[in-house]
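Using the hints, build the complex out of the two chains.
Here is what each chain is made of, one letter per residue.
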Amino acid sequence: MLLAWSLQALSRPQLGALAGDGAAAAGSPWLVLPLFVAAIACAVAAVRFWPVFAARADGADWVHRLQRGPWRGCGAAIAAALLAQVVLSLPITTLLARAIGAPGLAHAHVALAGPDVPLLDERGPRMRFDVPPGLTFDEVQLRPIASLPAGPLRTSRLRVLADGESMTDAEVAFEQSQQLVRVRCAARTCHHLDLVLAEGNVPLYFAGDSVVLIAAGGHSTIWNGVALAVIALVPTFVALSIACLCGVAAALATVLTVLASLLFVQTIGEAGPLAGAARGLLRGEWLGAGPHFPACFPFLAAGALAMILTMVSRRNPRR
Amino acid sequence: MATAISLQQLAVTFPGRGRQQAVLALQPLDLEIAAARTVGVLGPNGSGKTTLLRVLAGLQPATAGQARVLDRPPGAKDLRRRVAFQPEGPLPLGVLSAAEFLAYVGAELGLPNAESDARARDWLERLDLGHAGRRWLRTFSTGMQKRLALAAVLLGDPEVLLLDEPTAGLDPFGCEVVMQILRERAAAGTTVLMASHQLLEVEELCDEVLVLQDGVMRARGTLAELLATEEHALVVGGLDDAGLRQLESEAHRLGAEGVRIERPRHHLFALFRQLARRRGSGGPS
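If you read the protein sequences in the order shown, they are chains E and U.
Take the first sequence: its letters are residues 1 to 319, numbered as in the working numbering.
Take the second sequence: its letters are residues 1 to 285, numbered as in the working numbering.
Incorrect hints may appear among the rest.
[To be verified] Estimated spans, in silico, between C-beta atoms of each pair: (1) 138(U) - 132(E): 54 to 62 Å; (2) 289(E) - 110(U): 28 to 36 Å; (3) 257(E) - 188(U): 24 to 32 Å; (4) 16(U) - 111(E): 54 to 62 Å; (5) 18(U) - 132(E): 27 to 35 Å; (6) 257(E) - 16(U): 19 to 27 Å; (7) 293(E) - 21(U): 47 to 55 Å.
It should be emphasised that the hints constitute simulated quantities derived from the structure, not laboratory data.
Cβ atoms here follow ideal geometry from the backbone N, Cα and C, with glycine treated the same way.
So that you can see chain U by itself, here it is in the shape it has in the complex (with noise of 0.2 Å):
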């Protein structure tokens, strides 16, 4: 399978200035990622997440070792259109409409005014702002800016994204639409690098993680590799009290160990989709 990123011994450090240290964003790192995998960076504040994206994107030049998205140097002109990038925080000029700043991305990457205008509005539409007319973007909810930011990245349909927080801020119902957009780009092929706190969403949606800690790559893996346990659970209903303690017994003198009995409870997430869906399809919600 083609390698859509590739990072040698890449390093980043950032000079101190005054009486600040110098900080290693990011020590020598080695990292392939195989194309159409989606992959979720994970790690805590601070451990290089961003930077990582921000050299990828071309906007963070590496201090030592070399970093390679499809094949070229990350800041490739040839790479605007096929590389996107989400940054985390708010979108830039305030002052356009959804519509506009749409019209400026696809202006910048290339794209034919009608192709642009046509993406645009089919975007704008599934991500449920389609209502949100000429208002400007600075009275958007951050939500709002999130799925808006989430269209401007997949108008040039790019073959990697690069997506910084992609689902922070969103309400549940918007965190699912962007969760089944991102399934469909996985999908259809497209190379996903997520960073993100929102374990759930990365357990769900990437088939590998890495964890990055104070720059240094902690852990890397498939999640049946990362999440893999001897434990075993059995779920059954229709049993008393009585026939509970007798299944446990049944199981300690099959030899199990450590058997405990749970009442199995739903996640918030898990209800919030359920939902989610059932809104999206006319149900009652």
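Isolated chain E, as found in the complex (with noise of 0.2 Å):
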């Protein structure tokens, strides 16, 4: 934790110079990394512990002569590991997510879907949102990605209404992709968002979550890193159940490699939910209300899956 936080207040000038506002979530391979090792010492502290995760592991006849449940004793075994990365990672998705740059106040980010085809140019300059009823909103995140005008290059430049009136004094400026714009108002509800084209010709596509509305009323950044505490889980879950799996048949060899490369590809190769979460907790998104927990539903169920072919072959045992 301590290596992690150092190497991001290194780096931490450079990322501001090239993200700006979003330098927090520019810093979440710090928070990712020291997750990651928390979630490995625990997963390959519980199969090298418990014989039974691996086949002809030392002592796994006893154990499997003792234990007479579905998965000799591998489930509990696994909710221990899970325990212990909760005790590990609380204190890294709270205090170094703090000394990382997380915002002390997190909100409910709600990304608004636009028309089908969320493309704002010189031919459809203006595009409709719909919000979602009784949202109290007080800042109007725009994300979008910019491609290459027809001609020569003009700066767009956007008016953002709500119900019809405008948000901001000025219009906003768009001159590369990906850039970040933030329309900050009073808390207010409203019923639709537009956005107008109001000068250039650089044409902005607004896909997935390109406009996102921030509620008003923060919540705790400490509950913010519980919830991503808890995120954590997904992969380590996911890895002890296949390797769990892999066990039926395979030494503690392969089930150690089959555990590290999961939980790698989970974690710091960003194909789990946990990075995504990351981001946003250090974006001050509230993850309590994102799409982060039923972005875990794919992983649990595979997990799930993993455990159920633990037990239907454990049925029948190999030597």
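Shown next, in the form of structure tokens:
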């Protein structure tokens, strides 16, 4: 944790220069790295401690004979590993996250769905987004993908309208792709949000989470850290479940390799829900309301499937 | 007498993988072991001894035939406490202490905590492990692990003991303690099936012996049957060389064949056992 904080502190000036207002989110690898270390420490300890995780491990016969549950105690060992990981992760997701630059308050981020072809250019200079009813927000974040114009480049300038009323005194300008523009306002509600191209010829593509409303009223970043620590358990659960399935036939070295690879791919490799959630936390996004928990469900389903297959396989043990 | 262990045409084959050929670990085997008997399983490495014990412990399914232990299939839940298996090799859960490991075994066997703790204390004292305290199992010597393993299998007071090399790696003193405990269990009516390479121990402890080779039972019987011989030994003392030669010629005159004169010699095992008994009774060591 200290190493990650030190390295992040060293790289912060460069990151700030590159990413401007989004510098904290750019430091998310330094948050993910110690979480990966905590996860792999707990997972490897569980596999090495509980001999049933690997075929033909020393002492496995003792446990096979004594434990008659469907997973021969592997379920309890996984639960213990996850509990240990929560304890190790909480200081990382709360203290280290604050040190890296997570805001003190977290707000719900609500991505607005645009039209079928969300392209704002000279041929389609107006775009409307429906706002969920009752949502009180005090900021709009725009982060479109810019493409090359047909003629000489003229910076695109937009007006942002809430129910037809302009939210800014001046137009907002976009000069590069993925450029983040924050439009702050007093807390309010509205039915529609309109983006109107006032000037310029840079085509702007508003897909996915390019238009996000920041809900008014924040949550403590401590609770956000707890939410991230819980999300960080998902890769470990998936890796341990699949390692447990491999262990029906594979020896310890293979099981550990599978375990480490799965954890690496899901955390550092960003194939799991952790990296996105870490970025969200550093951006001040309230994880309890965003898409981060629903994104965990496919991974949890994969882990559960592996556990079911393990249970079925153990009915027919091999030497 | 009731049958404790029964095998009917029991066979175990390990399927080949890739270029490896299938291994016939146990070829169709018929066997009945009466309750309260102590049976030694002998055979070279890879002869199927461990596989036989694992089948009886419910850890290895049979490829063909069937096995019954206490008239139940080996994997039956209610045999978990009635049948105890001591595998070869190190103990699991190396970061537990001896007492914690026995507490875990007792809990899984369904023993009440107080009873489990009391039995564990008794066995630890008896097996000279009381001093191990809070040391991790992984720091135990092979001999200490073997003794703790025996404590673990005896914790549930089983009716059948399946032991795989119970004295391998033990020093002679530890061996004698283990042998004494096994003798007591056998006398108390526990059925013991013990695979071992320690022929002297098997000879001393077991009522019967079965010999496996390449998964086939080559011999089986009581020690008297297997070791029967037409020869007799006469032990004499107080004769000088002339007296011995006269005794030899007298034997020839009576029709004895193959008469030879040897000086009797004690085995190291007997010497160690004598020393161990002296140590146990507080005598000089």
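Status of each hint after checking the structure:
no., hint, in the structure
1, 138(U) - 132(E): 54 to 62 Å, "holds (58 Å)"
2, 289(E) - 110(U): 28 to 36 Å, "violated (47 Å)"
3, 257(E) - 188(U): 24 to 32 Å, "violated (49 Å)"
4, 16(U) - 111(E): 54 to 62 Å, "holds (56 Å)"
5, 18(U) - 132(E): 27 to 35 Å, "violated (59 Å)"
6, 257(E) - 16(U): 19 to 27 Å, "holds (24 Å)"
7, 293(E) - 21(U): 47 to 55 Å, "holds (52 Å)"
When held up to the earlier numbered hints, the structure conflicts with 2, 3, 5 and fits the remainder.
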